[in-house]
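J.: Take these sequences, add in the hints, and give me the full structure.
Going by UniProt numbering, the sequence shown opens with residue 1, and the numbers climb by one from there.
Honestly, the hints are just simulated from the structure, not real lab data.
No farther apart than 20 Å at their CA atoms in a straight line, the calculated lysine-lysine pairs in the PhoX-like style are these:
| # | residue 1 | residue 2 |
| --- | --- | --- |
| 1 | K170 | K181 |
| 2 | K116 | K49 |
| 3 | K75 | K116 |
In this text, all values refer to a predicted model and were calculated from it rather than measured experimentally.
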Amino acid sequence: MIRTLISISWVEMESEMQTPIIMYGYEFIIPPFHNFINSMYDINDLLEKPLQIRCIIPTVYHDSLHHPMNNRIAKLVIGFVPDDQLAHLTANRNQLDEFLTDNPMLDGIEWMPHAKFYTGLEWYPDSDSEDEEEEEEEEEEEEEEEEEEEEEEEEEEEEEEEEEEEEERKEDETLSHYISKYYL
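T.: So this is what it looks like as structure tokens:
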């Protein structure tokens with residue numbers, strides 16, 4: 001199976017990366033569609049603590065800022081932040097393995113066969129920016145529609161005014177014709 005990686009432009013990531021993180025867990029084999037990360041982050045609410053799903057930009061990529069590279073690689077990891085007590089690590093590892101084994105919530109999702117430590121900066125999928133872009137597009141469309149409606153209303157008002165003026169002119173002509181014919 002070919003492992004699919006997510007490429008993210010550095011400009012996008014700069015605003016979305018928040019904190020350095022160390023995690024122990026399994027890397028998901030990411031399908032080639034971006035919504036997968038957002039949908040996996042939604043599962044975080046269902047996970048028992050300390051398990052969590054995080055997207056990590058590996059340290060080697062964000063250490064080389066001076067290199068003119070446009071794309072970076074993000075890894076989606078399910079696991080936990082390691083503790084300095086061996087008993088906690090063992091318990092958390094067992095909990096992670098139990099969660100991943102025969103879990104219907106993860107049907108059809110594949111992950112790497114071995115757990116390992118991941119370090120880097122956490123990248124938060126920017127679903128808000130997608131929503132903001134959609135909202136901005138909707139707002140622009142609404143503004144355009146409002147402008148078109150205003151223009152149409154103005155045109156209709158102008159046409160109505162012209163029609164009223166024409167009717168008044170015709171009435172005036174008719175009245176003046178009537179007056180001139182019968183009263184003068």
